[in-house]
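Participant: Order-wise, the sequence lines are chains A and B.
Position 287 (the first sequence) corresponds to 294 in the working numbering; numbering is contiguous.
Position 114 (the second sequence) corresponds to 118 in the working numbering; numbering is contiguous.
These aren't lab readings, by the way, just hints derived from the structure by calculation.
It should be emphasised that the depicted structure is a prediction, and the values quoted were computed from it without experimental measurement.
Beta carbons: idealized from backbone N, C-alpha and C, even for Gly.
Accuracy of the hints is not assured; some may be wrong.
Sample of chain A residues with no beta-carbon within 10 angstroms of chain B, all distances over it, derived [said to hold, decoys possible]:
# : residue
1 : D94
2 : R117
3 : P136
4 : V241
5 : R276
Which chain B residues face chain A? A few, computed with CB under 8 angstroms, are given here [what the hints assert, rightly or not]:
#  : residue
6  : F7
7  : G17
8  : R18
9  : R206
10 : T210
11 : R212
12 : R213
13 : P218
14 : S340
15 : A344
16 : H345
17 : L346
18 : V374
Listed below, chain by chain, are the residues.
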Amino acid sequence: MIEVDRIRKTYGDIVAVNEISFTAQPGEIFGLLGPNGAGKTTTIGCISGLLTPTAGHVRIMGHDVVREGTAARRLLGVVPQEISLYDDLSALENLKYWGGTQGMRNPLLRQRIDEVLALTGLADRAREPIKQFSGGMRRRLNFACGIIHQPKVLLLDEPTVGVDPQSRVRLLDLVRAQAGTGTCVLYTTHYMEEAETLCQRLAIVDHGNVIAAGTLTELRALLAEHDLLRLSGVFRPDAAKAALQSVDHIEVLQADESLLVLSLPEASRRLPAIFSALAAVGAEVRGTNLTQPSLESLFIKLTGKELRE
Amino acid sequence: MRFLAVSLRKDWGRVRRDPSQFAIALGIPLVLAVLMSLVFGRTPAAPHGRLLMADEDNTIASARFLDGFHRDPLRTMITIEKVTREPGRARIDRGDGSAFLLIPKGLQKAFLMNLPYQLELYTNPSERILPQMIRETLSITVEAAGHFRRASGTPLIEVENVAVHEAAKPARSFAAVFLPSMLFMSLLFLASSSAVDIWKERTQGTLRRIAASPVSMVSYLAARVVFVALVYAAVALVGLVAAQRLAAMPVPNLPAAVLWITFVGTVFYLLFLWITVLPATQRAASVLANLTIFPLAMLGGCFFPFEWMPGWMVSVGRLTPNGWALSEFKTMLDNSVDVAHLAVSTAVLAAFGAVAFVFVARRIRRGFAV
């Protein structure tokens, strides 16, 4: 179990994490969703004991990561964002080393190495130096080194960045399987679809703050079944905003000279009214994009910007 | 201890997969020994050195006595360094200098009152030409003083011929004079390149992963230090055996010499590790390491042997960690180790290494790893 209690991390005047709180239970995959620079990795750093929070507390299965660092880290498995492995060693040698850092010994270590190699599909290439591996294989080995010691809590920091779709599916299956064994998984990502398909609960983070948290259903409810409508073209933002006030239940999330982002219920049915209102103020609509309620539309609704910005 | 074995196995695995760096480390002293022996063979060193002089008379007569050394060509070949009796003896016994001239109290009085008098000259047996020139110059000076007394009509001063002492030490070849310096220079470069490896660990994220594991930074660093010490031991063994066989460098106690090089190499590694983890970027770390290594090598007798350096520079150079360690190493080669002095040197270098170790462990834990 992870308990994050109002942690704050500052670097001089810069607030990287601002009083973030959440808990994640055994067997649960808890997602931290946010754009790059939102504070996800800093949060992971505080949880793993790499960074000392400026304020607040983190407990891993009841152990405070600052005061009982070693005990807390014994329960943790960390899969960092970068491939944190020795390139010149083989998969087997890497697993032996990282298992050894967790205090594992033979025969358990040997048994676990066989298990994780089979699990990640790397058994056939176990003795090759990993510099000969593809990106996806390295990602899987990176994951394998994080779970070699069967941690109670697993921290995954954007583990699918730069991975081909096939490897991504395989990695996500591995994460689900790990949670299925009762491991508490904290998963950070800026990929909306990953968070939607993988996580039971989520916290959406931006600029170091949790701007929304809950189950997928709870978060979607915040959108009140509103669709997200993106209109591209040529606009005068103020005039467009004024014109759209005539359309019921519409909310302008973003307006600039080339893009309007709107939130409204039953958008497809109300498109003619929107086009008419905009045409009346001289706007020229060249493209439309309609999105059903999703985490991405929620993020845009809450922050006024795209998740991948 | 368990992690030490795990870490050593990992480091040895990395060496096996990519042996080039280890081979270079072993190869540098070997190549130096071969080149030195090819270039200089086993012939004696070229004439240039230092005369240690203790003037206990401290009179006009004693001052005039050294005039011969202030004229060309001796002026450019011999640097005179004033010392006192005991340190002078100790230094010449260690082979530090071409000769040591002791002018006991009473020279001027003997000259004026026609009393018997004796100068003492201690020569370095590892050098041939310079001690001979110094001896000849002193003999001429003594003879000239005798003629002066005859011309002035007073009785001839009976200044006895200079008493020359020479310790029974084997002569050293030019290569043997240079090799300890070269060996220590390669130790410095090896320390610097080994230390920069911490940046590789940081860049590839393995340091961060270690920091998030139950392994303490002290354990991690200690394991690294042990591995580096093993590398130094191998380098020392290869280098010293090559120096013995190829360049006729005397190594009376090989295990002690290997142990010393291993110890000081590890201290150098910690020093460079300290320097390397200070800056915020790898580039800045490399620049800082280079800015440190060259003055250290120059001053500390690693580019040029102390025997070739001006006195003031030798005084400064002996205070650098490598200069200090090199001086002790030369006493080992000369089989003239002062145990008390060696104990002090070991304690100082060990303390220096310990401070660097603590700093580096703290620095890695508090930000460098992240």
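Participant: Indicate, hint by hint, whether the structure satisfies it.
Facilitator: Now for the hints, and whether the structure bears them out:
1. D94: D94(A) not clear of chain B: closest Cβ-Cβ about 7 angstroms, inside 10 angstroms.
2. R117: Correct as stated: the minimum Cβ-Cβ distance to chain B is 14 angstroms, above 10 angstroms.
3. P136: Per Cβ check, P136(A) is inside 10 angstroms of chain B; nearest 6 angstroms; violated.
4. V241: holds (45 angstroms)
5. R276: holds (51 angstroms)
6. F7: OK, holds: F7(B) within 8 angstroms of chain A, min 7 angstroms.
7. G17: Holds: closest Cβ of chain A sits about 5 angstroms from G17(B), inside 8 angstroms.
8. R18: holds (5 angstroms)
9. R206: violated (10 angstroms)
10. T210: holds (5 angstroms)
11. R212: At 6 angstroms from the nearest chain A Cβ, R212(B) passes the 8 angstroms test, so the hint holds.
12. R213: holds (4 angstroms)
13. P218: Nearest chain A Cβ about 5 angstroms off; hint holds.
14. S340: Cβ of S340(B) sits 45 angstroms from chain A, so the hint is violated.
15. A344: violated (43 angstroms)
16. H345: Hint violated; H345(B) Cβ to chain A Cβ min 42 angstroms, cut 8 angstroms.
17. L346: violated (38 angstroms)
18. V374: holds (5 angstroms)
Hints 1, 3, 9, 14, 15, 16, 17 from the list above are not met by this structure, while the remaining hints are.
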